[in-house]
Amino acid sequence: DTEVTQTPKHLVMGMTNKKSLKCEQHMGHRAMYWYKQKAKKPPELMFVYSYEKLSINESVPSRFSPECPNSSLLNLHLHALQPEDSALYLCASSQVQGRGRNTGELFFGEGSRLTVL
Amino acid sequence: AQSVAQPEDQVNVAEGNPLTVKCTYSVSGNPYLFWYVQYPNRGLQFLLKYITGDNLVKGSYGFEAEFNKSQTSFHLKKPSALVSDSALYFCAVRAYSSASKIIFGSGTRLSIRP
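One line per chain: the protein sequences are A and B, in this order. Sequential numbering from 1 applies to the first sequence in this note's numbering. Sequential numbering from 1001 applies to the second sequence in this note's numbering.
It should be emphasised that the hints constitute simulated quantities derived from the structure, not laboratory data. Being a predicted model, the structure only gives us computed values, none of them experimental. Don't be surprised by glycine CBs; every beta carbon is placed ideally from N, CA and C. Hints should not be assumed to be uniformly reliable.
A few chain A residues facing chain B, derived, Cβ under 7 angstroms [as the list claims (entries may be wrong)]:
#	residue
1	Glu3
2	Ala39
3	Pro42
4	Pro43
5	Leu45
6	Met46
7	Tyr49
8	Glu110
9	Gly111
If you want the footprint, here are the derived chain B segments under chain A, 3+ residues with CB under 8 angstroms [as the list claims (entries may be wrong)]:
#	region
10	1018-1029
11	1102-1110
Okay, the calculated beta carbon distance ranges per label pair [stated by the list, open to error]:
#	chain 1	residue 1	chain 2	residue 2	range
12	A	His26	B	Lys1058	34 to 40 angstroms
13	B	Ser1106	A	Thr115	21 to 27 angstroms
14	A	Pro69	B	Tyr1039	26 to 32 angstroms
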């Protein structure tokens, strides 16, 4: 069982739609992440939030818009996506990596499988 | 720059036999090393990590991994494989730096035959 909850589990959308993916964790983690994973490939980092502020954007197209309303929630807003954006979107959280105090291993949700028609 | 390599796309093992999934890494300074497992249509689950200290680390589901600094390797092992161990395994590395990211290897599909 995962302590990171993602909704919805499946989403089908057209290229003109606006939708959102949601992620929630209650482990007290102050770092949250969005990853994109294509079939049989490793997860690719998209965004990192640290203490509710965006700290890393891996040059993701603006049709993906992240939001971190509070320390437990992370959203990914989707607009005007392309069929090649179809993938499994994984949310993860971790303690913020400190000097020797923690290693920042990630805890993943089950993912939201997105299909863009 | 940091990187991690998993040289085998697939590993096939008979149930009850020992298994090894290979991983090598490249990072400046001391690494943090991780293994994750992914079952079909699921998220990644943390298995184990190496920080410092004993080179043999034990993790979930009877898995262990051996850190070898001279060979820059962190191979995943299990003495006796189960059919339920069949899944996709990812090695990952993070540099000892507050600004570093976790980098994943390409993944190895482990198939355990009865």
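**Study point:** Hints the structure fails to honour
**Key:** 1, 2, 6, 7, 10 and 12
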